[in-house]
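The residues making up each chain are set out below.
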Amino acid sequence: MLSNMLLGRYIPGNSFIHQMDPRAKIISVLFFMVIVFFANHWLGYLLLILFMLSVIKIAQINIFFLFNGLKLLFFILIFTFLLHIFFTRGGTTLFEWGFIQIDSEGVITGIYITIRLVMLLIITTILTLTTSPIELTDAIENLGAPLKKIKVPMHELAMMISISLRFIPTLMDETEKIIKAQSARGSTFMTGKLKSRVNALIPIFIPLFISAFKRAEEMAVAMEVRGYKGEEGRTSYRELKWGLKDTSAIVIIILFGVMLFLVRM
Amino acid sequence: MIEINNLTYQYQVDAAKVLDNVSLSFKSGDWVSIIGHNGSGKSTLVKIMMGILEDYEGEILINGNKLTKENIANYREKFAIVFQNPDNQFVGATVEDDVAFGLENQGVAREEMVEKTEAALTAVNMLSYRRHAPARLSGGQKQRVAIAGALAMAPDVLILDEATSMLDPEGRKDILNILEDIHRERQTTLIYITHDLSEIEKSDYAVIMKDGEVLNRGSIEHIFSDTDTLIKSRLVLPYQMQISRALLKGEYVTHGELVEKL
Ligand SMILES: Nc1ncnc2c1ncn2[C@@H]1O[C@H](COP(=O)(O)OP(=O)(O)O)[C@@H](O)[C@H]1O
Ligand SMILES: [Mg+2]
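In order, the protein sequence lines correspond to chains A and P. So in our numbering, spot 3 of the first sequence is number 3, and the numbers just go up one at a time. So in our numbering, spot 142 of the second sequence is number 142, and the numbers just go up one at a time.
I should point out that these hints are in silico values taken from the structure, not numbers from a laboratory. Beta carbons: idealized from backbone N, C-alpha and C, even for Gly. Do not rely on the hints blindly, as some may be mistaken.
[To be verified] Computed Cβ-Cβ distance ranges for the label pairs, DEER-style:
1) P:Gly39 - A:Trp242: 47 to 57 angstroms
2) P:Leu176 - A:Glu218: 22 to 32 angstroms
3) A:Lys245 - P:Glu118: 25 to 35 angstroms
4) A:Leu262 - P:Gly139: 56 to 66 angstroms
5) A:Thr175 - P:Asn38: 47 to 57 angstroms
6) A:Trp242 - P:Leu127: 27 to 37 angstroms
7) P:Gly139 - A:Ile206: 18 to 28 angstroms
8) P:Asn65 - A:Thr235: 22 to 32 angstroms
9) A:Asp173 - P:Glu3: 38 to 48 angstroms
10) P:Thr229 - A:Val198: 52 to 62 angstroms
Throw the hints in and build the complete structure from the sequences for me.
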């Protein structure tokens with residue numbers, strides 16, 4: 001089930017969106033998140049949906065694959081929808097049974113709010129699906145550069161995120177190994193009462209922590225001997241290249257935002 | 001020329017001496033092997049040479065100049081080291097990022113960096129993996145990337161601290177072959193640390209350590225001819241030596257010579 005989860009996954013590809021500068025992608029997503037709230041009636045929402053479908057098409061993502069990957073999150077959407085149906089009042093009453101009352105306004109708001117949430121979910125998923133974690137970190141470091149003026153350590157933060165991302169698969173493997181070793185010794189965290197399961201987790205976490213600290217220390221030594229002294233005087237191997245595609249993408253998003261604003265009622 | 005004179009080191013003031021009056025000297029361009037069982041002080045020795053550990057007694061001279069806290073940074077650029085665990089030294093998100101890490105730290109210009117990175121990856125046969133993430137590489141491939149990261153810095157001295165001990169036999173052979181090429185083509189001084197006597201055949205000079213002391217040093221023939229010291233070092237003798245000891249009265253032979261004699 002977890003392997004189907006798309007949130008935060010990256011799938012390499014060669015589409016227009018894959019090739020965009022990660023900074024342009026982040027800026028576009030931020031704009032889009034604002035624009036979504038411009039829509040206030042059916043035409044606006046229709047345009048949003050059409051826009052999103054084209055983005056999915058351009059990113060060469062299979063739409064069924066996309067929805068399948070977001071399935072888990074649909075519970076949240078259904079919950080929001082129901083909340084609105086039952087609690088938003090106004091318009092004509094469509095249904096009444098005991099204390100339950102459903103108004104037309106509730107159904108409409110429910111639908112609209114759900115569409116907005118779906119839009120936000122899909123656009124962020126497309127961002128992570130088409131951008132490798134390291135590109136994202138580079139872009140965040142770069143866009144956050146002005147924050148360095150107020151002493152936010154953007155370089156260190158980016159370095160930390162990128163090394164952590166690097167270590168996740170290693171630590172996952174390690175966890176699996178420790179679980180196997182402890183199971184072989186008769187540890188039973190997969191079955192039994194909650195309390196005994198939690199207790200059985202301790203012999204997994206302690207070795208995991210000890211080894212993580214050892215790794216961190218060795219990593220620090222390895223970085224030091226390779227001459228790492230922080231950001232100063234450092235050049236970068238990876239390059240962010242802002243191109244025509246990136247400017248065009250941002251212009252298109254802005255034009256789309258203007259259009260949505262004009263169809264507001 | 002690297003000279004180590006009367007080096008003594010302990011991690012805590014009242015703890016046992018991890019290095020006890022160690023004196024050694026290596027010629028530039030030599031392939032030097034340092035052999036000793038676990039805990040004999042090999043890693044401590046190289047950590048002192050790399051300036052990671054300070055407050056030692058004795059001195060280290062590089063081409064006659066004494067290593068100090070002030071000048072260690074300059075020498076460090078000429079020394080590169082590959083450690084035992086491939087996972088704990090992979091800094092970059094991809095193979096090429098990792099190789100470029102040391103160059104980035106030196107502030108090398110981008111075009112030059114790309115050139116050097118590609119050359120280093122070619123030297124270890126990993127160029128086609130340049131965009132791979134570390135999680136998708138074998139241990140041997142990760143160590144090759146680590147060696148490329150060291151080579152990219154064009155070091156005078158390349159130290160390998162049990163860099164093959166976590167690899168399968170295939171991976172070990174690959175690394176040793178790559179080192180042989182590097183040693184031949186670049187005249188880099190190699191300091192090869194291991195606890196496996198069967199890995200030192202290619203070296204010009206070998207040092208046997210035990211409990212922080214140097215037990216023996218010299219050419220490979222000299223090391224293997226002094227069987228008593230080898231046994232004292234508690235190292236596992238290479239299989240052909242065990243056979244030769246049993247059958248041929250202790251003469252040192254290589255694998256090929258053994259086959260011939262038998
Ligand atoms: N950080 C440390 N603190 C205290 N003692 C250490 C530390 N690192 C190593 N030692 C001790 O120093 C001795 C030599 O270790 P080391 O140089 O790692 O040996 P080798 O690399 O030959 O296996 C060992 O007894 C070890 O327990
Ligand atoms: Mg060691």
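Evaluated hints:
no.	hint	verdict
1	P:Gly39 - A:Trp242: 47 to 57 angstroms	holds, 54 angstroms
2	P:Leu176 - A:Glu218: 22 to 32 angstroms	holds, 23 angstroms
3	A:Lys245 - P:Glu118: 25 to 35 angstroms	holds, 27 angstroms
4	A:Leu262 - P:Gly139: 56 to 66 angstroms	holds, 60 angstroms
5	A:Thr175 - P:Asn38: 47 to 57 angstroms	violated, 26 angstroms
6	A:Trp242 - P:Leu127: 27 to 37 angstroms	holds, 28 angstroms
7	P:Gly139 - A:Ile206: 18 to 28 angstroms	holds, 25 angstroms
8	P:Asn65 - A:Thr235: 22 to 32 angstroms	holds, 29 angstroms
9	A:Asp173 - P:Glu3: 38 to 48 angstroms	holds, 43 angstroms
10	P:Thr229 - A:Val198: 52 to 62 angstroms	holds, 54 angstroms
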